[in-house]
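Chains as they are written, first to last, in the working numbering: chain A, 1 to 247; chain B, 1 to 247; chain C, 1 to 247; chain D, 1 to 247.
Any given hint could turn out to be false.
Since the list can't tell identical chains apart, any single copy or any two copies may satisfy a pair.
[Unchecked claim] In silico PhoX-like cross-links for lysine-lysine, where the CA-CA straight-line distance does not exceed 25 Å:
1. K72 - K23
2. K217 - K72
3. K88 - K47
4. K200 - K242
5. K88 - K23
6. K200 - K63
7. K88 - K142
Everything labelled a hint here was simulated from the structure, so no lab data went into it.
Number of protein chains: 4
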Amino acid sequence: MAVFEDESEFIFTVDGKQIGTHKGIIKTEELVDKPFGGTFHTHTGQKFVALRPRFVDEIYHMKRKTQIVYPKDMGFILLMLDVKEGDKVIDAGVGSGAMCAALARAVGSCGKVFAYEKREEFLKLAEENLRKWGLLDRVVLKLKDISEGFDEVVDAIFLDVPDPWNYIRQCYDSLIGSGNLAIVCPTTNQVQQVVDELQKNGFFQIEIWESLFRQYKTNPERLRPFDRMVAHTAYMIFARKKYFKEV
Amino acid sequence: MAVFEDESEFIFTVDGKQIGTHKGIIKTEELVDKPFGGTFHTHTGQKFVALRPRFVDEIYHMKRKTQIVYPKDMGFILLMLDVKEGDKVIDAGVGSGAMCAALARAVGSCGKVFAYEKREEFLKLAEENLRKWGLLDRVVLKLKDISEGFDEVVDAIFLDVPDPWNYIRQCYDSLIGSGNLAIVCPTTNQVQQVVDELQKNGFFQIEIWESLFRQYKTNPERLRPFDRMVAHTAYMIFARKKYFKEV
Amino acid sequence: MAVFEDESEFIFTVDGKQIGTHKGIIKTEELVDKPFGGTFHTHTGQKFVALRPRFVDEIYHMKRKTQIVYPKDMGFILLMLDVKEGDKVIDAGVGSGAMCAALARAVGSCGKVFAYEKREEFLKLAEENLRKWGLLDRVVLKLKDISEGFDEVVDAIFLDVPDPWNYIRQCYDSLIGSGNLAIVCPTTNQVQQVVDELQKNGFFQIEIWESLFRQYKTNPERLRPFDRMVAHTAYMIFARKKYFKEV
Amino acid sequence: MAVFEDESEFIFTVDGKQIGTHKGIIKTEELVDKPFGGTFHTHTGQKFVALRPRFVDEIYHMKRKTQIVYPKDMGFILLMLDVKEGDKVIDAGVGSGAMCAALARAVGSCGKVFAYEKREEFLKLAEENLRKWGLLDRVVLKLKDISEGFDEVVDAIFLDVPDPWNYIRQCYDSLIGSGNLAIVCPTTNQVQQVVDELQKNGFFQIEIWESLFRQYKTNPERLRPFDRMVAHTAYMIFARKKYFKEV
Chain A
1 MAVFEDESEF IFTVDGKQIG THKGIIKTEE LVDKPFGGTF HTHTGQKFVA
51 LRPRFVDEIY HMKRKTQIVY PKDMGFILLM LDVKEGDKVI DAGVGSGAMC
101 AALARAVGSC GKVFAYEKRE EFLKLAEENL RKWGLLDRVV LKLKDISEGF
151 DEVVDAIFLD VPDPWNYIRQ CYDSLIGSGN LAIVCPTTNQ VQQVVDELQK
201 NGFFQIEIWE SLFRQYKTNP ERLRPFDRMV AHTAYMIFAR KKYFKEV
Chain B
1 MAVFEDESEF IFTVDGKQIG THKGIIKTEE LVDKPFGGTF HTHTGQKFVA
51 LRPRFVDEIY HMKRKTQIVY PKDMGFILLM LDVKEGDKVI DAGVGSGAMC
101 AALARAVGSC GKVFAYEKRE EFLKLAEENL RKWGLLDRVV LKLKDISEGF
151 DEVVDAIFLD VPDPWNYIRQ CYDSLIGSGN LAIVCPTTNQ VQQVVDELQK
201 NGFFQIEIWE SLFRQYKTNP ERLRPFDRMV AHTAYMIFAR KKYFKEV
Chain C
1 MAVFEDESEF IFTVDGKQIG THKGIIKTEE LVDKPFGGTF HTHTGQKFVA
51 LRPRFVDEIY HMKRKTQIVY PKDMGFILLM LDVKEGDKVI DAGVGSGAMC
101 AALARAVGSC GKVFAYEKRE EFLKLAEENL RKWGLLDRVV LKLKDISEGF
151 DEVVDAIFLD VPDPWNYIRQ CYDSLIGSGN LAIVCPTTNQ VQQVVDELQK
201 NGFFQIEIWE SLFRQYKTNP ERLRPFDRMV AHTAYMIFAR KKYFKEV
Chain D
1 MAVFEDESEF IFTVDGKQIG THKGIIKTEE LVDKPFGGTF HTHTGQKFVA
51 LRPRFVDEIY HMKRKTQIVY PKDMGFILLM LDVKEGDKVI DAGVGSGAMC
101 AALARAVGSC GKVFAYEKRE EFLKLAEENL RKWGLLDRVV LKLKDISEGF
151 DEVVDAIFLD VPDPWNYIRQ CYDSLIGSGN LAIVCPTTNQ VQQVVDELQK
201 NGFFQIEIWE SLFRQYKTNP ERLRPFDRMV AHTAYMIFAR KKYFKEV
């Protein structure tokens with residue numbers, strides 16, 4: 001990943017190819033075996049710093065065809081889903097694969113993500129993104145309509161579809177007792193429908209959250225927020241499975 | 001973990017002991033081999049649901065002597081630090097151990113957290129908490145003043161001390177090139193000092209963030225936020241190491 | 001109004017009576033003809049500053065039986081309603097009278113507020129509050145159910161009732177062309193119903209807003225927000241009257 | 001004011017002239033004696049609604065050379081300054097005149113605003129704006145550097161200059177006892193300096209606030225906030241004058 005002084009960024013693989021930028025050509029062969037954090041030059045002499053891209057950088061630059069879960073919500077969702085090394089989780093629908101990748105990182109190399117998507121073009125895009133990020137072996141991609149239910153029983157489910165209230169029973173059936181469910185939806189009307197269904201279907205400890213993240217300018221003598229910010233991405237709904245019958 | 005209908009929560013180990021609550025005694029021996037998510041009764045017949053505590057539940061109920069990093073910031077910090085399976089990271093100062101535990105979960109069983117704390121009572125408390133959460137083997141606890149510097153070179157550093165601007169050089173020296181630094185501080189004056197030091201000491205891609213999380217009441221026919229919310233915990237500062245000299 | 005060093009406040013009339021406080025008795029006769037802003041003592045020698053109460057102070061200390069519109073929303077509503085000297089406006093329902101008083105201040109001594117309330121106990125309370133604040137002569141209080149409509153045609157209407165969607169047509173009929181309507185409601189479900197009715201009933205330039213106000217601690221060496229804040233009061237909906245038929 | 005179906009707005013005087021728009025020409029002579037709220041057509045047959053501009057509309061469309069105080073903060077400042085009919089207030093510096101006009105509306109026809117500005121071009125612009133809004137007779141414009149102090153003693157002062165901490169003593173000298181001061185500044189560094197000076201110079205009940213206003217889309221079946229919002233305009237600082245000596 002190259003970052004120029006004007007803060008423009010280019011993510012690429014160091015494979016010997018040349019990368020064209022508005023600041024000249026980056027010859028990636030010159031970067032082989034060089035340390036990250038170093039300063040280099042394009043063929044026109046423009047400086048850039050070579051950085052190891054973070055996962056958040058990959059997300060901002062990823063190829064996408066859908067709205068994705070942004071880092072401001074992603075980290076909180078991972079915590080509320082309690083996803084950890086070795087867990088088995090379901091991601092439905094996959095979309096462009098950003099949250100799927102985040103779950104795959106969290107379950108680690110001995111965990112597994114079962115990723116459902118009914119639109120083939122999105123599943124292929126997600127596969128492409130996951131392969132690039134080296135996470136494909138942790139994910140089982142499934143081209144399937146989730147109205148038929150899921151094939152696994154898992155620790156946690158992340159549900160990101162336009163009509164999540166239609167799949168609450170399917171989520172219930174595929175969660176272990178006290179397993180965690182997270183649902184994101186952009187409108188208040190959707191939240192109302194989802195919460196109503198959760199309450200009717202054995203879910204417990206339901207919480208609804210939204211986040212606002214505000215960034216500040218980095219002039220220490222004039223410390224102040226930026227003028228504008230993201231006002232809304234999605235409401236986040238969390239719930240845990242409780243058995244209906246007493247045991 | 002037992003959750004009563006009044007939403008009161010009790011976290012305990014299922015070890016055969018009895019747990020006293022305002023709703024009667026929980027006999028943990030009755031829970032052995034029972035599934036999480038089931039409903040049980042105290043000796044007075046009060047119902048509770050037995051849940052597997054999430055890490056966020058552990059944090060809310062943990063024994064602490066210091067301000068801790070809250071989940072609303074914790075997930076975002078883990079993403080911005082790009083901590084993943086196998087990473088080596090530094091946590092300074094440890095405090096009560098909440099963020100240390102979050103880092104330990106993220107690096108997985110083959111990663112390592114080097115945790116610095118100069119106050120012995122806090123280090124012991126952190127050790128106790130980490131042991132309870134089964135994370136102690138991933139953490140190297142060090143009773144040490146960080147003004148002398150760190151003993152390792154790592155992928156990422158989390159710095160949470162009252163005067164972070166005094167340790168920027170030490171952080172620089174212990175990060176790999178393009179390694180990630182996260183600093184939290186509650187006041188704008190601290191942010192000003194930290195950012196000034198970061199800019200003078202080879203850090204790059206500096207970002208300052210704060211988060212506001214707002215929770216909604218779960219009545220779907222009267223969907224609205226709660227009346228009050230957390231207004232402030234800490235400002236989060238992120239930066240990446242750039243080498244001074246061109247390479 | 002007396003403000004003690006512990007920030008406790010007492011609002012009273014300087015009429016010669018004695019005011020009992022946790023810091024001793026304030027003899028108001030000693031304050032006659034003394035300037036506001038001066039420091040005085042209770043009978044036990046405790047210091048207080050005598051201030052002319054602002055309208056916001058009166059609101060915070062007012063006798064109320066209902067939820068009131070808070071200053072954070074009040075000033076914005078007055079601007080969006082475009083209320084100014086000499087205007088005629090409707091306030092329905094009056095409740096405890098806080099917003100009614102704000103409107104009365106804004107229309108000035110030659111304007112008029114027509115204030116509707118169907119519950120007699122609230123109307124009496126509002127009358128009492130308005131008299132105390134010297135605003136009663138600008139307000140016409142009406143004990144009346146607004147489902148029958150309003151008796152006037154006015155520049156602006158402020159509607160604060162539990163079921164505002166039922167009175168949109170009445171508001172339309174009592175507004176001049178391009179007149180301004182403001183509605184407050186606490187839940188998203190109410191907002192949905194109100195906006196739907198506004199769109200069906202000739203309203204225009206509909207805007208929905210909510211405000212978050214965050215206060216900072218006043219230590220200049222440790223500038224930071226308070227820990228907690230108000231997360232929600234009400235959604236504010238604004239609209240303007242458009243004639244159905246082309247003219 | 002004409003509002004087209006694409007929400008584009010044009011503010012003009014109905015004086016018989018023609019107004020060119022991207023939707024065709026508006027012949028203002030056709031609007032004479034027509035009611036506000038009516039629907040009319042341009043010469044190409046495009047529909048528009050004629051509305052009486054609110055003060056907030058005037059502000060959004062005003063000619064300006066400076067950053068102005070936005071409605072989200074303006075209404076709250078007027079309340080905290082407790083400005084009402086008949087008051088005398090100081091506005092320094094005037095800038096483009098938006099807040100000056102808001103103060104002039106609040107003091108009414110029998111109140112007065114003393115408006116200080118040291119840059120002649122801004123004073124002329126403010127004069128032009130105030131004349132257009134019909135508020136010039138309530139304002140005394142003064143081309144003067146406020147470091148020399150103010151000529152009046154007033155109920156309230158609004159201070160909006162780059163270095164407000166340099167004029168705290170002048171504000172103190174020109175306020176009645178318990179009079180209200182409001183200061184706006186965009187950076188935390190400025191807030192720190194201002195609060196420090198206020199505390200040293202006899203001010204009392206100091207409060208620091210910031211506001212976030214979030215707007216929602218008006219589709220009642222998909223109620224949700226807009227994607228982006230204003231993140232910051234200025235911090236608002238309020239204080240009241242206390243006499244140094246006991247009286």
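One pair to classify: K200 and K63, alpha carbons no more than 25 Å apart. Within, between, both, or neither?
neither (38 Å within a copy, 36 Å between copies)
Intra/inter-copy verdict for K200 and K242 if alpha-carbon distance must be at most 25 Å:
within (12 Å within a copy, 44 Å between copies)
Using 25 Å as the alpha carbon limit, work out where K72 and K23 are close: within a copy, between copies, both or neither.
neither (31 Å within a copy, 38 Å between copies)
If the cut is 25 Å between Cα atoms, do K88 and K47 qualify within a copy, between copies, both or neither?
For K88 and K47, neither the intra-copy (44 Å) nor the inter-copy (30 Å) Cα distance is at most 25 Å.
Identical-chain pair category, K217 with K72, by Cα at 25 Å:
The answer is both: 18 Å in one copy and 21 Å across copies each meet 25 Å.
Between K88 and K142, at a C-alpha cutoff of 25 Å, which is it: within one copy, between copies, both, or neither?
Result: close within a single copy only, 15 Å intra versus 34 Å inter.
Identical-chain pair category, K88 with K23, by Cα at 25 Å
Classified as neither: same-chain Cα gap 45 Å, cross-chain 35 Å, threshold 25 Å.
Consistency note: the structure conflicts with the earlier hints numbered 1, 3, 5, 6.
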